[in-house]
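A.B. asks: Sequence:
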Amino acid sequence: MDSWRSIKEWLDSQKKGTVVYVAFGSEAKPSQIELTEIALGLELSGLPFFWVLKTRLGSSDTESVVLPNGFEERVKGHGVVWDSWVPQLKILAHDSVGGFLTHAGWSSVVEALSFERALILFTFLADQGLNARFLEERQIGYPIPRNESDGSVTRQSVAESLRLVMVEEKGRVYREKAKEMRPIFGDKEIQERYVNNLLNYLKEHRPVKHLKSKGITI
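Counting in the numbering used here, the sequence shown runs from 2 upward without gaps.
Watch out, some of these pointers could steer you wrong.
Claimed, not checked - In the DSS-like style, the derived pairs of lysine-lysine whose C-alpha atoms are separated by at most 27 Å in a straight line are:
no. : residue 1 : residue 2
1   : Lys17     : Lys178
2   : Lys171    : Lys17
3   : Lys16     : Lys91
4   : Lys91     : Lys17
5   : Lys77     : Lys91
6   : Lys180    : Lys77
7   : Lys55     : Lys77
8   : Lys77     : Lys178
9   : Lys55     : Lys171
10  : Lys171    : Lys9
11  : Lys9      : Lys91
12  : Lys17     : Lys77
13  : Lys77     : Lys16
14  : Lys91     : Lys178
15  : Lys55     : Lys91
16  : Lys55     : Lys178
17  : Lys180    : Lys16
18  : Lys77     : Lys9
19  : Lys9      : Lys55
No lab work stands behind these hints: they were computed from the structure.
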């Protein structure tokens, strides 16, 4: 069966703006502990979700990760775990999707905001952390809190962050900001100006030698 057709059928069955789309890009993979807490946090939140999860990133990746025992059975009906490529833009454009749990890679951020999707941030790499801080300071995205001593996250913090951004009144600012950003990322000139602001921000927080003016991977 065509993968998009089956994905769309599931998305069509969900209420408008309720689904959390979860994807962490092609280069980052959560550790087994992180994956377990993310999975149980998604379950605990009670929100419908569509999670793109590759257990391995490629042939050179020898470590696989596994979902908690019984997880997929427990979330059946309101949660989907998809282990192959998906048309991300089509998913983000679907009316049932309201938020995006993302690694804060810049291309993913731009795609999400182009469709007014609220951002919940879970970063893995240093650059992603700077992106997340930039977005957090402007109340465009909400980073899932980590333990200050060891960087760990808990299922409770994952669930609370998801519900804050997706449904709670005190998280309305993130939903409204996502709507405000659409004109910015739909206008090339304004988008370039915004990216320049991000580059200036990054210059203040890391050595300039790591930056490239063109083709930057953020």
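A.B. asks: If a hint holds in the structure, say so; if it doesn't, say that too.
C.D. replies: Consistency of the hints with the structure:
Of the pairs offered as hints, the one joining Lys17 and Lys178 holds, with about 18 Å between alpha carbons and a cut-off of 27 Å not exceeded. For a cut-off of 27 Å, the pair hint linking Lys171 to Lys17 stands: about 20 Å separates their Cα positions. Proposed proximity of Lys16 and Lys91 is supported: the alpha carbons are some 17 Å apart, at most 27 Å. Pair hint Lys91 plus Lys17 holds up; C-alpha atoms about 15 Å apart against a cutoff of 27 Å.
This hinted pair checks out: Lys77 and Lys91 have alpha carbons roughly 22 Å apart, not beyond 27 Å. Only pairs whose Cα atoms come within 27 Å are accepted, and Lys180 paired with Lys77 is rejected, the gap being roughly 30 Å. Under the criterion of a C-alpha separation no larger than 27 Å, the hint pairing Lys55 with Lys77 is consistent with the structure, at around 19 Å. Between Lys77 and Lys178, the direct Cα distance comes to roughly 32 Å. Violation of the 27 Å bound is thereby established for this hinted pair.
Only pairs whose Cα atoms come within 27 Å are accepted, and Lys55 paired with Lys171 is rejected, the gap being roughly 33 Å. With a C-alpha separation of about 31 Å, the suggested pair Lys171 and Lys9 falls outside the 27 Å cut-off, and the hint is violated. At roughly 9 Å between alpha-carbon atoms, Lys9 and Lys91 fall within 27 Å of each other, so this suggested pair holds. Our distance criterion of 27 Å between C-alpha atoms is met by Lys17 and Lys77, whose separation comes to about 19 Å.
With a C-alpha separation of about 16 Å, the suggested pairing of Lys77 with Lys16 holds against the 27 Å cut-off. At roughly 21 Å between alpha-carbon atoms, Lys91 and Lys178 fall within 27 Å of each other, so this suggested pair holds. At roughly 19 Å between alpha-carbon atoms, Lys55 and Lys91 fall within 27 Å of each other, so this suggested pair holds. The suggested pairing of Lys55 with Lys178 is violated, with an alpha-carbon distance near 30 Å, which exceeds 27 Å.
Pair hint Lys180 plus Lys16 holds up; C-alpha atoms about 19 Å apart against a cutoff of 27 Å. For a cut-off of 27 Å, the pair hint linking Lys77 to Lys9 stands: about 16 Å separates their Cα positions. Restraint check: the Cα-Cα separation between Lys9 and Lys55 comes to about 20 Å, which is no more than 27 Å; the hinted pair holds.
Checked against the numbered hints given earlier, the structure breaks hints 6, 8, 9, 10, 16 and satisfies all the rest.
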